Every structure is written in structure tokens, then in C-alpha cells.
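> Next come the chains, spelled out residue by residue.
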Amino acid sequence: MGLTNQSVGVRAASGGQTIRRRSPDERVVALAGNPNVGKSTVFNSLTGAKQHTGNWPGKTVVSAQGYCGGGAHSYLLVDIPGTYSLLAHSAEEEVARNFLCFGQPDAVAVVCDATCLERNLNLVLQTLEITPRVVVCVNLMDEARRKGIRVDLALLSERLGVPVVGTVARKKKSLCTLLDALDAVTGGPAPEPEAVRYPVAVEEAAAMLEPAARRLAGGRLSARWLSLRLLEGDASLTAELARFLGGDFFGDPELNEAIARARACLKRHGVDGDRLRDLLVRSLMNAAETACRGAVVREKKGYAASDRRLDRLLTSRATGYPVMLALLAVIFWLTINGANYPSQLLSRFLFWGQGRLTALFRVLGAPEWLHGLLVLGMYRVLAWVVSVMLPPMAIFFPLFTLLEDAGYLPRVAYNLDRPFARCRACGKQALTMAMGFGCNAAGVIGCRIIDSPRERLLAILTNSLVPCNGRFPTLLTLITLFFVGTAGGALASVWSALLLTAVIVLGVLVTFGATRLLSATLLRGVPSSFTLEMPPYRRPQVGRVIVRSICDRTLFVLGRAAAVAAPAGMILWLMANVSAGGTSILAHCAAFLDPFARLMGLDGVILIAFILGFPANEIVLPIVLMAYLARGSLTAPGSAEEMRALLTANGWSWTTAAGMTLFSLMHWPCSTTLLTIRRETGSWKWTAAAAILPTALGVGACLLFHAAVCLFR
Amino acid sequence: MQQTLSLGDLCPGERGVVTGLLSAGSMRRRLLDIGLIEDTEVECLGRSPFGDPSAYLIRGAVIAIRAADSRNILVRAS
Chain A
1 MGLTNQSVGV
11 RAASGGQTIR
21 RRSPDERVVA
31 LAGNPNVGKS
41 TVFNSLTGAK
51 QHTGNWPGKT
61 VVSAQGYCGG
71 GAHSYLLVDI
81 PGTYSLLAHS
91 AEEEVARNFL
101 CFGQPDAVAV
111 VCDATCLERN
121 LNLVLQTLEI
131 TPRVVVCVNL
141 MDEARRKGIR
151 VDLALLSERL
161 GVPVVGTVAR
171 KKKSLCTLLD
181 ALDAVTGGPA
191 PEPEAVRYPV
201 AVEEAAAMLE
211 PAARRLAGGR
221 LSARWLSLRL
231 LEGDASLTAE
241 LARFLGGDFF
251 GDPELNEAIA
261 RARACLKRHG
271 VDGDRLRDLL
281 VRSLMNAAET
291 ACRGAVVREK
301 KGYAASDRRL
311 DRLLTSRATG
321 YPVMLALLAV
331 IFWLTINGAN
341 YPSQLLSRFL
351 FWGQGRLTAL
361 FRVLGAPEWL
371 HGLLVLGMYR
381 VLAWVVSVML
391 PPMAIFFPLF
401 TLLEDAGYLP
411 RVAYNLDRPF
421 ARCRACGKQA
431 LTMAMGFGCN
441 AAGVIGCRII
451 DSPRERLLAI
461 LTNSLVPCNG
471 RFPTLLTLIT
481 LFFVGTAGGA
491 LASVWSALLL
501 TAVIVLGVLV
511 TFGATRLLSA
521 TLLRGVPSSF
531 TLEMPPYRRP
541 QVGRVIVRSI
551 CDRTLFVLGR
561 AAAVAAPAGM
571 ILWLMANVSA
581 GGTSILAHCA
591 AFLDPFARLM
601 GLDGVILIAF
611 ILGFPANEIV
621 LPIVLMAYLA
631 RGSLTAPGSA
641 EEMRALLTAN
651 GWSWTTAAGM
661 TLFSLMHWPC
671 STTLLTIRRE
681 TGSWKWTAAA
691 AILPTALGVG
701 ACLLFHAAVC
711 LFR
Chain B
1001 MQQTLSLGDL
1011 CPGERGVVTG
1021 LLSAGSMRRR
1031 LLDIGLIEDT
1041 EVECLGRSPF
1051 GDPSAYLIRG
1061 AVIAIRAADS
1071 RNILVRAS
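Chains as they are written, first to last, in this note's numbering: chain A, 1 to 713; chain B, 1001 to 1078.
Be a bit skeptical, because a hint or two may be false.
What the hints assert, rightly or not - One-sided excerpt, in silico: chain B residues whose CB lies under 8 Å from chain A:
(1) G1008
(2) G1013
(3) E1014
(4) T1019
(5) R1028
(6) R1029
(7) R1030
(8) G1035
(9) G1046
(10) D1052
(11) P1053
(12) V1062
(13) D1069
Keep in mind that the hints were calculated from the coordinates and are not lab data. It should be emphasised that the depicted structure is a prediction, and the values quoted were computed from it without experimental measurement. Positions of the beta carbon are idealized from the N, C-alpha and C atoms, including for glycine.
Construct all of the structure, not just a fragment, from the sequences and the given hints.
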């Protein structure tokens, strides 16, 4: 899941999914497929959309929509989450299944991975049971060729009874065949693929159900598919069916009688719940095997040697963790080093712009308060946020995306699964944690990849304990000012990077602790099972990654921050400049919070800054600086030396900075994240828990730290 | 005569052929979905830093499975 408007925007928080056709005759095509087969890349190439892609399973958790034309028709493509099967078990698999079954797409394109086609065909065969209007898109043909795998597309197509096309989704041209095939499948008569045959007992029972199922489905669903699902009696699907086909569906006496007869028939043959499932899956697998025999030829056997070597380096006992930490530190070092100079340049430029704006206001004869509100309030906060955030993000995101593209993140989840299992959680929480680095709201949505509801809640509640992008600049500034020194030099940036890594490691350790605490109290339970697919390593497309991550992620996050910072800047200016009894409102509030904040080793201003920073964490440090400046508006983030002098003059020492670092790491999530949590959990209670848990931890940590400092001083 | 082992008994580099699943419910479904049906060949590729989970090559894909789960997957050495 990437940072797109859809994932963390307001629309994400309101939920819901409607199909937006541009014209009534536009055809809706669902893009289905196993996780991590390049579905999103196909989607992007066809629609020109900017859906985030990454080399790990479960990245697409909300369905994206996009338009494309080119062949004879225009299409509305719906990118649904990747699934192994449609016999759904996790939230995202349910989304996929429900769209294929009840979204009534005009056709389904099942994207498959040419390097493990046999397993992918399982999903193809299941989709064919729902609708015959299917195009099989065998993607990653280039990767397969490199691995010595040959795929006979014509033979596969003949066996499956539907069009099969080979594509290399990164190359747009190769997708023309897919569009042509879609034209054929949606335009002409429906293909008539041969159905997968199940063992006699299942076929017999399904046949008993079919007449009633056909009558009740009324052409909206395949009768055979419906009969098979009714045999299984999956609870979540049953509820969806009742909703789709009308409330009285399960009240139909003929159907109930048929279900009873069919179940009795199964029982006679000694087929119960698990056994039935086994038979269904085995028949599907066997059918996939048969279809592939001779059509998919492996010239080389097994798992690539280079991938094995990389795996040994990245996941072995001796090197797994050190490499992980080193990679993190290197990314931070590059970010800190690279962002330094552009940040200064940008800030100089933007504050030069402020001077021009002021001059303009003077010329126009605007009243002083308007100038204050718009220029000193809004513009300055905006300028601060942009100059502090843009350069580090423009470096951090592409670097992180490169790792993601190469396929490293699932290895991190693999390395961290054991500690998470100890905390009675799921290793995939490591993936959602990594998403949290970008944006906690995206991380919370990403938790859909975790199957068990209990473990998913654990991941959601603890997600904000890893600092998101909005908090990195604050952490970095604090570290640079108070722990590294402002002298600069190459060593200083190494030291900063290491300290930042240490802060992140602390965040991860707290995540473990909080997860363990929750599973012993609110979310009691034992870890459920866990399977995680580790995709082959892919050479990242460097140019594309840089463009994509800057255009999509960086600008998007910046845009959101700016949208929040602008009104916040005005409010701040008002609070700092409207006074009651000789003191500004801001000072009143700070004074009120001061006694409590002192106990935590902070001061009232810092605490009020965190509270006002609720809409976006990016503006916390600017508020602190603004409040300290008697002038009542945000200062230019001039030199580090000046900033440090200002803070020290207001009673700051390294312990204050350490306290603020702790509290920045652990406090309530921002408003967007909380709204997302509310939507994902559907409960205000859990949303409150998600706010209270990190806050309590943060307050506790600060109190303890301050007490310890006092004790040893 | 071949001895029945569990998948967890395979050391890195060893291969086995699935003979049955002992797990039930959603884990059983999950394992079936990833292709662990009878007569499927599986290779143990390695273990994570703490020794658990382990990575297996199953039908061309690398999949990590915890020891607690791989105990329930029966294999015979091949």
C-alpha cells in the first residue's frame, strides 16, 4: 500500500467503494491475481495511474480504479487485492472475492506470475467457476525467461478455454495483447471453458443443489459456483450472498431442503467440512498441474543460486540483524547528509519570498492584522514545513522504495517474526511497521494483510510507535542540535544517523513491549499461524523509483502537511497575538500545562505544541520555536546555531531534547491516523485505545527519564 | 521403507514430499492454497536468525512457515 490520496486521504477515512463509469457502455474489468505478481504494475501501465508498486505481497489493500482505452473499447479497470484463492480468509481476500462475485465486472483479467504459474492457475480456475469472461495475463515473462522457464501460451489457452496472453508489465507495449484479448472476451460470445471436475461425491451433492441455486441466482451468479459454495457453507460468504441475492434467500424452503439433501449425500460418502475443502483444493491443484504439463517447461531446477546467496546474507543468524541495522543507518546517513544543503537553500529562498510578500502587502496598503495572519502566520509555517521536510523526504522515500522494490521488506518480516511471535503477534507486523515509517495512516490500512483479527488489532494499535515521516524532521533536528553538535563535518552526520537509528530501534523495542503488554491484557490470545511468501529479488528500476516516489509519495505527503499547516499557521498566529490580560492565549495555555510538563522534563510550550500538532506532527517543532519568540510569529529556521541558542535561552538542555524525542516517538497518533483507525476497526473504543496507549507510554517514559535525571544530577 | 517426518524436521538443503496435513481450520486452508497438497515436493531453504520460522521452496515460491505449523505438515524424505 502506497501513500496515495486513496490510502490516506479523506476518502480513505470515509470508506466505501463505488464504481465510477464515465459512460454507461464503458466496460468494467477486474484485475485479479496472486499477491505480488505485478498486478499494480499492469494497472499503472494501462491506466497511467500512480498506484504504488512494491516487491512484497499484500501491498494493494484498497481497490484502485483507473480508465484505459486503446483497443476497440474503453475500460474501467479495478485493481483488487492479491489473493491465492477466493475461498477467502483474510479481510483483503474478502474484498477481492466480493468484488469478483458481486461487483459484476464485465470481464476479469487474472494476472499470473510466469515463474510459478502452476500455483497461480489455482486462482484462474476458481475465477472461471464464477465467470467465463476471463483473460489470463501471464506476467513477468522476462523474469521467467531469465530463470529458464518456457511458457506455451497457445497450449495453455487451448486447455483453459480462455485467452492467455504473455506480458512484461513494465513494458507498456506488451500489454496491447491484453487489451485485444479483453476486447474479444467482452465483445463476442462468452468463452466456454471446461469446468474443473471434483470427486463423484462432491459432483453428486452439487448437482442436487443446482436447480434451486439456478432459480434463486436468476442469472446473476453461476449456478455451479453457488452450489459448491453452499456446500461449503462459509459463514462470511453466506452473509454476503444473502445480502446480494435478497434477504429471503436462505428462507427458501426448496433451497433448504436441497442443502440438507446435499449435505446428507456428502456425509454418506464420508466427506465432512475439512475433507470437502481438501477435495476441492486438491482437484483445483490437480487441474492446474494438468493444464501446465508440457505447457510450462523448467529448464533449470529450483531456486536461483544468486537469490540463495542474498538470502543467506540478509537472513542468516550471523548477518541478518547487523545488515538490517546497517541498511537503516546508511539510509539515514544519506538522508541527513544529502538534505542538509538543499534545506538551507530552500529556506533562504522561501524566506526571501516572505520579504517580497510583505512588501506587496505594504504597497497594497493591507491592514497589519491581515499581513500578520497570512504572511507571518500562514506563509511562514508553510515555508518552514516545506524547507524542513521536502529535502529529507525527497531522499528518504526513493531510498526506501528501492529496498522495497528489490524485495527486502519480506525478509525483514521473516527476520522479525520470531520476536513478534514471542509477543504473540504476527511477523507481518514488521511490514506494517515499515509502512508506518512513511505514514502511520498507510501503515494502519496495511494491517489488512494480517489474517487474525486479534493480531491485526495489535498491529493497528502499536503502529504509531514507529516515527512517521512527519516526525523524522523533528527527531533529526533535536539530535543534531543537542547530541551531535552544530559544528558539522562528516563524522557529525554519521553520529546523527546512528543516533536516529537508535531512536528507531527504541521505537521498535517499545512496539514489541506494547504488543506483548496488549496480548497479555486487552487482546489476550496465542499467536495464530503464519505463512509469508518471500518474492524473488528483483533489480529495482532506479529511474522509475525516483520519479515515482518523488512525484507520488513525497509530494503527496508534503501536500497533506501543507494543507494542514496553512490553517494551523493562522490559528497559531492568532493564539500568539490575541492577548487576554496582557499575555497571549498561547502563553496562557502553555502556563496552564507547564506544571505537569515540568514533571515530564518538558515545559508547557512543548506540550501545547504537541497538542496543536494533532492534525500533523510536522508542525510541532515550528510551534515550539514560534511560542518562544516573543515576536509572535514563526522564526526563519536560520542557522542551527541560532535555533540552539533560542532553545537554550528558554531553559533547554540535552535532557529536554531527550524528553521531547521520547514524547515525539510515543504520543497520540495524528488525526488522519486516528480517523483511519476508526474506519479500519469500526470502533471508537479501539480508536481511543490507539490514542491512549502510546500517550501513556510516552508520559510514563518521560516521567521516568526525568526522575532518573533528577536522581543522578 | 521411508520414514515419515514433519516438515520442521527437514534441515536447510533437505527435500521432502508432502504426505499429509494435520492442521485444521484456517491454517489448513492457507497451506492448501499455497500448494501443500499430497505428493508436492518441498525443499527447506534456510532458517531465520532466531531459528524460527524457516523458509521453504514450495511449487516455485519461497514461503516462510513457523515451526509450530511445520510440525503439522507430514513429509517423507526424498
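> Now tell me, hint by hint, if it's right for this structure.
Hint-by-hint comparison with the structure:
no., hint, result
1, G1008, "13 Å, violated"
2, G1013, "10 Å, violated"
3, E1014, "13 Å, violated"
4, T1019, "13 Å, violated"
5, R1028, "6 Å, holds"
6, R1029, "6 Å, holds"
7, R1030, "5 Å, holds"
8, G1035, "5 Å, holds"
9, G1046, "6 Å, holds"
10, D1052, "5 Å, holds"
11, P1053, "5 Å, holds"
12, V1062, "4 Å, holds"
13, D1069, "5 Å, holds"
This entry does not satisfy hints 1, 2, 3, 4, going by the numbered hints stated previously.
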